[in-house]
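Residue-level listing of the chains:
Number of protein chains: 2
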Amino acid sequence: MSKMVSTELLNEFLSGSRRALAKLISAVENDGTQARAVLDELYGKIGQAYRLGITGPPGAGKSTLVDQLAKTIRASGKTVGIIAVDPTSPFTGGALLGDRVRMHDIATDPGVFIRSMATRGSLGGLSQKAQDAADVLDVFGKDFIIFETVGVGQSELDIVEAADTVIVVLVPESGDSVQAMKAGLMEIADIFVLNKADRDGASRAVQELEAILHLRPAAPWNPPVVSTVAPAGKGLDAVWKKIQQHREFLLQDGRLAAKRKQRLEKKIHELVSRRLKQEFWDEEAQQLLDASLENFQNQKLSPYRIVEELMNKFMASLQRKMEN
Amino acid sequence: MSKMVSTELLNEFLSGSRRALAKLISAVENDGTQARAVLDELYGKIGQAYRLGITGPPGAGKSTLVDQLAKTIRASGKTVGIIAVDPTSPFTGGALLGDRVRMHDIATDPGVFIRSMATRGSLGGLSQKAQDAADVLDVFGKDFIIFETVGVGQSELDIVEAADTVIVVLVPESGDSVQAMKAGLMEIADIFVLNKADRDGASRAVQELEAILHLRPAAPWNPPVVSTVAPAGKGLDAVWKKIQQHREFLLQDGRLAAKRKQRLEKKIHELVSRRLKQEFWDEEAQQLLDASLENFQNQKLSPYRIVEELMNKFMASLQRKMEN
Chain X
110 MSKMVSTELL NEFLSGSRRA LAKLISAVEN DGTQARAVLD ELYGKIGQAY RLGITGPPGA
170 GKSTLVDQLA KTIRASGKTV GIIAVDPTSP FTGGALLGDR VRMHDIATDP GVFIRSMATR
230 GSLGGLSQKA QDAADVLDVF GKDFIIFETV GVGQSELDIV EAADTVIVVL VPESGDSVQA
290 MKAGLMEIAD IFVLNKADRD GASRAVQELE AILHLRPAAP WNPPVVSTVA PAGKGLDAVW
350 KKIQQHREFL LQDGRLAAKR KQRLEKKIHE LVSRRLKQEF WDEEAQQLLD ASLENFQNQK
410 LSPYRIVEEL MNKFMASLQR KMEN
Chain E
110 MSKMVSTELL NEFLSGSRRA LAKLISAVEN DGTQARAVLD ELYGKIGQAY RLGITGPPGA
170 GKSTLVDQLA KTIRASGKTV GIIAVDPTSP FTGGALLGDR VRMHDIATDP GVFIRSMATR
230 GSLGGLSQKA QDAADVLDVF GKDFIIFETV GVGQSELDIV EAADTVIVVL VPESGDSVQA
290 MKAGLMEIAD IFVLNKADRD GASRAVQELE AILHLRPAAP WNPPVVSTVA PAGKGLDAVW
350 KKIQQHREFL LQDGRLAAKR KQRLEKKIHE LVSRRLKQEF WDEEAQQLLD ASLENFQNQK
410 LSPYRIVEEL MNKFMASLQR KMEN
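The listed protein sequences derive, respectively, from chains X and E. So that you can map any letter, position 13 of the first sequence is 122 in our numbering, and since no number is skipped, the others follow by simple counting. So that you can map any letter, position 131 of the second sequence is 240 in our numbering, and since no number is skipped, the others follow by simple counting.
Hints in this document: simulated from the structure, not taken from any laboratory. None of the hints are false.
Any copy, or any two copies together, can satisfy a pair, since identical chains are not distinguished.
Dumping the calculated DSS-like pairs for lysine-lysine here, alpha-carbon to alpha-carbon at most 30 Å:
(1) Lys-368 to Lys-422
(2) Lys-422 to Lys-370
(3) Lys-154 to Lys-351
(4) Lys-154 to Lys-422
Excised from the complex, chain X in its bound form (with noise of 0.2 Å):
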């Protein structure tokens, strides 16, 4: 078995390389046993970066904002990584949207890594793995962690998990189609950004959208609506002063914690279910469920029975295992 993650590849991660990184965040996202090794190592050096979260609707210019958001973000010194989640086809695995083109300045600053990942059949979601990406991004030193999603599907539940501060982007765009899309992601946003600000609608765009904001009850934090055009970089620092606001109020009365202990018990939950589907589906079980399909096309049994039959089964070869 080849060894993915040397003890070599470790020190030079821990000394800044990128291209030790590169090769770390692949090692995790390939999920290998050494993977998992390294990051029980590293994980008592998780917890510095500040995890932000990006997402709207296709065709809302986030890649540009995110590119401008990490430039804002070096000018003040700091470190950034960025992970793009690329909505990709479940049944083809291409991409469904466009290759991006990043900012020149962003593409070639050491200070920023950024990292593509595919969704991997579930459409739209911010995965395990992409999480796992960002603790690697965590441990290396940066200190603010940008995941950038589609909003489309899961993806809204799981970047309100990933994600510390969610910022969601929106457009100045007619048409029941992106209202009622939007109806998800309204929930979500911590801050709200109206990019394009330029084009027609616009303050029209953010009057409604402060005036929904303005029918909910009162909350401790109430999401502010920030203008924005990306690409001439007007409104940033604007965004930037949001996004530091909202971490000063989760600062406050142990909210961060609070909402990354949710987020470690959550991938607890993933990684057990994830583990007692590789200790349930051994070959045996395998076989047992391949013969009920077959007698399903004859005798139309019961799923549930099937599983009662399964669940037995794996009873008892869990008892065998241990009894030896």
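Use these hints to put chain E onto chain X, whose structure you have.
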């Protein structure tokens, strides 16, 4: 423990009582042990109904199309069950889109049974419960079952599994957001319906769609594009014809049987995951998790190590259970 499903109810159901049908679906939705036992009893009878999935971006006029399709099916002498899955907020549980108004003919036709369901936390998802409800409608004797979902999120994948024929409803609408959202939907359609075909840009939209489809490699089934104006009932006969053609196609070479076998396999995997979770997360496991999370603040334990501990505890408690 109250009996949710009495023999009396079951008999009423099997003799065609709508009231009993509604009650049984509710029992199944609430997922009691009783309901499971009932499904077990009924399972031998499942498999007669043909399942249609209707999905598409919000604002495409799906509800009206579904109602008109139900009318068309009824005119051919068949009965229909409609399961309308409404996206609800995972945060508030409230509806994300406005309530639909169903066509009067359909709402009052005894040959049509309509059930609205919330997605309950998986944004846009078609839960196992929706499929269980479909199974109940199947046993009840419905010839056709229509799943109506909003095409955002996980629902694309779910509907492919739940339905025999998937119809994607689009409208002539411009804008990048909609285009990108369609991207995932493009792959799952067995039939495309271009609704609101009386709008500007309709014929061009059809041409563009057909051009995109033409670029695909030739396949055993090439999804046709049908134009409709749902409120006026235009194009529905053509849609109905294409559904029948697709059904004929699936009946060749055991394709439909293969689909349904896959559906059952997926269902079993889901049920196993649920059962394993139930077995695993007992009081002891929860306490162990809570204790680990407390320590997290202080010691930054790796989630992987916490999972190892939990797995060991699980194995140990299973062993104790079996020795008793």
